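Visitor: Throw the hints in and build the complete structure from the sequences for me.
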Amino acid sequence: MSVDAVAPVGAAGGAPAAVMDAAAFEAALTPLLGAAYATAYHLTRSAADAEDAVQEAALNALRALRTFTPGTNFRAWFFRILVNVVYSRFRRTKREGTRVELEEAPELHLYMQSAAAGLHAGTDDPASALMDRIDREAVHAAIAALPDEYRVVATLYFVQDLPYQEIAEMLGVPVGTVRSRLHRGRRLLQRALWRIAEERGIAGPPATGTGEAP
Amino acid sequence: MTRLTCEEAFARLDDFLDRELDAAEMRLVQEHLDACAACAGEFRFEATVLGDLRAKLTRIDVPRTLLAKISARIAAVERAERDGH
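Protein chains in written order, with the working numbering: chain P, 1 to 214; chain W, 1 to 85.
In short, the hints are calculated from the structure, not lab data.
Do not rely on the hints blindly, as some may be mistaken.
Claimed, not checked - If the Cβ cut is set under 8 Å, some of the chain P residues that face chain W in the computed set are:
#	residue
1	18
2	22
3	84
4	87
5	88
6	123
7	127
Here the structure is a predicted model, which means the values were calculated and not measured.
For glycine and all other residues, C-beta sits at the position ideal for the given N, C-alpha and C.
Guide: Structural data, given as structure tokens:
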């Protein structure tokens, strides 16, 4: 029997497994702050709440450092804490702005609508022709229009470009749930986006060419 | 090897764009897109929209003071723990 048999799990051939210290925690957290803030911003729909949520998540994470195993996925662990903070402290029951009806989530909505509006004419890249007309604020308003369960999956997917499995781990739900919510959420997002684009007059039917100013 | 119909390829659109299919299925969809200009155009449209949405959703100005505030709070927790022990 070797003395190695009593070494902690994960300690073989390296430093002993230990609790991450505050300096290492801050170093691991810093590169994630941009994604954390963007995630919190889309989930809370508020810059002030997003900032508070990220700070609170950082403190909660620091206090819970003993539950994190160094060498495992720090990002998934931290974002799970962040999502919990947002839902427990910053959930808003009152909704404002454009909303999207769940029952209507057609396939290829932007493709069809932009084609019908004449935006595919004379270009071999109709998607860019469309999206160049849709600014960042319109996209933010569209994701804000999604119901919570779709918005959280879509936000983690878009902001972090993660595999479905990792999103599932962050949310503590089965991967099939992530897949179905994300696929449907994408269609809902396209629908909300087109409506906002229409409301703002940035993706309506092409001008009829009379040359007159509106 | 069986070829996918347009409908079968379209049913895999999201998973294909997200690289969530296994290698054999990815290849089947790609073979369909290589042979079908209509589906290729739709897939390209969706991929471009997704990329644009990702860029616009990610580009958010993080408050400049956020990191400093977090650092200060981490330091405060550390101080409190030290003093308390």
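Visitor: Using Cβ atoms only, decide whether residue 87 of chain P comes closer than 8 Å to chain W, and label the hint accordingly.
Guide: Since the shortest Cβ distance to chain W is 19 Å, the answer is violated.
Visitor: The hint names residue 84 of chain P as touching chain W; please verify it with the least Cβ-Cβ distance against 8 Å.
Guide: This interface hint is violated because 17 Å lies over the 8 Å limit.
Visitor: At a threshold of 8 Å, is the proposed contact between residue 127 of chain P and chain W supported by beta-carbon distances?
Guide: Hint on residue 127 of chain P: holds, closest Cβ of chain W at ~3 Å, below 8 Å.
Visitor: Would the hint on residue 22 of chain P stand, with a C-beta cut-off of 8 Å toward chain W?
Guide: holds (5 Å)
Visitor: Hint check: is the beta carbon of residue 123 of chain P less than 8 Å from a beta carbon of chain W?
Guide: violated (11 Å)
Visitor: Double-check residue 18 of chain P for me: the hint is only fine if its C-beta lies closer than 8 Å to a C-beta in chain W.
Guide: Residue 18 of chain P check fails; min Cβ-Cβ to chain W is 16 Å, beyond 8 Å.
Visitor: Hold the hint about residue 88 of chain P up to the distance rule: shortest CB distance to chain W must be less than 8 Å.
Guide: violated (19 Å)
Consistency note: the structure conflicts with the earlier hints numbered 1, 3, 4, 5 and 6.
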